[in-house]
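Asks: Listed below are the residues making up each chain.
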Amino acid sequence: MQKFSFSSATLYPDRYREALADPASGGYASFEGWVRDNNEGKRVLRLEYEAFEELGLKEGERIVEEAIRRYGVQKAACVHRVGDLAIGELAVWVGVSSGHRGEAFAACRYIIDEVKHRVPIWKKEHYLDGDSGWVNCERCAEAAHEHAHDHDHGPVRA
Amino acid sequence: MQKFSFSSATLYPDRYREALADPASGGYASFEGWVRDNNEGKRVLRLEYEAFEELGLKEGERIVEEAIRRYGVQKAACVHRVGDLAIGELAVWVGVSSGHRGEAFAACRYIIDEVKHRVPIWKKEHYLDGDSGWVNCERCAEAAHEHAHDHDHGPVRA
Amino acid sequence: MRQVQVRYFAALREQAGVSEEQLETGAATPAELYEELRLRHGMQLPATMLRVAVNEEFVEWSRPLASGDRVVFIPPVAGG
Amino acid sequence: MRQVQVRYFAALREQAGVSEEQLETGAATPAELYEELRLRHGMQLPATMLRVAVNEEFVEWSRPLASGDRVVFIPPVAGG
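Residue numbers (our numbering), protein chains in the order written: chain Y, 7 to 164; chain P, 7 to 164; chain X, -9 to 70; chain B, -9 to 70.
For the record, the hints were derived by calculation from the structure and aren't laboratory data. Hints are supplied without guarantee of correctness; some may be wrong.
DSS-like mimics (lysine-lysine), calculated; alpha carbons at most 25 Å apart, straight line [to be verified]:
1. P:LYS9 x Y:LYS81
2. P:LYS81 x P:LYS9
3. Y:LYS81 x Y:LYS130
4. P:LYS122 x P:LYS81
5. Y:LYS122 x P:LYS130
6. P:LYS81 x Y:LYS48
7. P:LYS48 x P:LYS130
8. Y:LYS48 x Y:LYS9
9. Y:LYS81 x P:LYS122
Now the in silico label distances, taken between C-beta atoms and shown as ranges [said to hold, decoys possible]:
10. Y:SER138 x P:ILE93: 49 to 55 Å
11. X:ALA37 x Y:SER138: 41 to 47 Å
12. P:LYS48 x Y:TYR18: 33 to 39 Å
The beta carbon of each residue, even a glycine, is placed where N, CA and C say it ideally should be.
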């Protein structure tokens, strides 16, 4: 399987795991990110992931290759959902097979941490109170509000 | 699901994972131990797991409860195969769901480490060269050989 | 003047009100281009909160722009 | 004399040639019982390599044995 990919349809960890199976690997660590019903005290109803896929694929593949090299694991891969997701749905899957479990855990952790920080993916949460917001982008939200406000009172676009 | 259990049939991680799903949990870490085709330089053909199940269930449940308390994770469970296993088969599964991924990884690691050291399960490997042995029990094997040797030359039993 | 393509994602897409545009610009670098586009679209996010990619690779804000470049300004990411 | 049940697993089961037995013993503790059974079955593993459980709980080797106790000697484990 591809070391990193995006999917606009439901993720199936059992299928991906088969691709990582190796008779020389005794250990398999995986991580899944599920859509939570809350974030920072707000009730979340659903969310959207948007990705800059062309760059995301390259950066994601670099991360997985770094993990394989750094921890000497057998195989590793990551799949990230894009589009609309409901509560409880699987947003991201990471799997690593290795001869030793310590390295499998470390590589898996490395991949999810780096993916969250480096791959151009954005998450918009829709809240119970009708509000919505781009996660990690508090000032983006502020800016958007100010912009909308300005807009109500006159054109701001050139 | 039970926090710890044994199974004499194939393990199905996808089913167990569903039991750990929780709308408040954003992270799920899991570990699987697969039967490797080699151990300490010897080619392994198949293996057997034998367990003292009555005590194993209690000790396994204690370990999972310790992990939940210690790392504050939402839910956790472990299932261990017993009986005859072929190369590549799933021997043990651990899953942990949690609000935060750091704790999910730590709890998962704790459970597999403790299960390997504390739960009364024994693994017998059958090698390509026709030999076989109980893992972690080098002196058991020696003792067994000496016993067999003695036995050829005269009764040692009372 | 250079002909460049700009794509917008997430918060920037919503602020710009467009997901992609072709434009003629006198901007010599992504930094200059972003300042130009902020004025045009009223985007209020400062460049310090963004990263920038040209032709599907992360680049420095000071990298010279050439005609035909594909530019993407990247707001704070939130995968996983 | 006490009536106890002993179960054997893994390497000990193979060495003892039996997986379970009921026996009358004068042994007052699991430590004494194991020495008695080593002689009877020719098991060569020293008690220092084992743990012991009575009535499905790990116990000290010096715990007093009572009639009806279920004893298991536990060779080095290898789960996972």
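Asks: Verify the CB-CB distance for SER138 (chain Y) and ILE93 (chain P) against the hinted window 49 to 55 Å.
Replies: Given about 50 Å between the Cβ atoms, the range holds.
Asks: Measure nothing beyond the straight line between the CA atoms of LYS48 (chain P) and LYS130 (chain P); if it is 25 Å or shorter, mark the hint as holding.
Replies: holds (13 Å)
Asks: Taking 25 Å as the top limit, are the C-alpha atoms of LYS122 (chain P) and LYS81 (chain P) close enough?
Replies: Holds, at roughly 20 Å.
Asks: Holds or violated: are the alpha carbons of LYS122 (chain Y) and LYS130 (chain P) at most 25 Å from each other?
Replies: violated (42 Å)
Asks: Take a quick look at whether LYS81 (chain P) and LYS48 (chain Y) sit within 25 Å of each other, Cα to Cα.
Replies: Within the cut-off at roughly 22 Å; holds.
Asks: Does the alpha-carbon distance linking LYS81 (chain Y) and LYS122 (chain P) stay inside the 25 Å limit?
Replies: Cα-Cα ~24 Å, so holds.
Asks: Is LYS81 (chain Y) within 25 Å of LYS130 (chain Y), Cα to Cα?
Replies: violated (31 Å)
Asks: Is the gap between the beta carbons of ALA37 (chain X) and SER138 (chain Y) within 41 to 47 Å?
Replies: violated (25 Å)
Asks: Determine whether the Cβ-Cβ distance between LYS48 (chain P) and TYR18 (chain Y) falls within the hinted range of 33 to 39 Å.
Replies: For TYR18 (chain Y) against LYS48 (chain P), whose Cβ atoms are near 35 Å apart, the range 33 to 39 Å holds.
Asks: Is it true that the CA of LYS9 (chain P) sits at most 25 Å from the CA of LYS81 (chain Y)?
Replies: The hint is violated at about 29 Å.
Asks: Tell me if the straight-line CA distance from LYS81 (chain P) to LYS9 (chain P) falls inside 25 Å.
Replies: holds (9 Å)
Asks: Does the alpha-carbon distance linking LYS48 (chain Y) and LYS9 (chain Y) stay inside the 25 Å limit?
Replies: Violated, because 34 Å separates the two Cα atoms, which is more than 25 Å.
Of the numbered hints stated above, those contradicted by the structure are hints 1, 3, 5, 8, 11, listed in ascending order.
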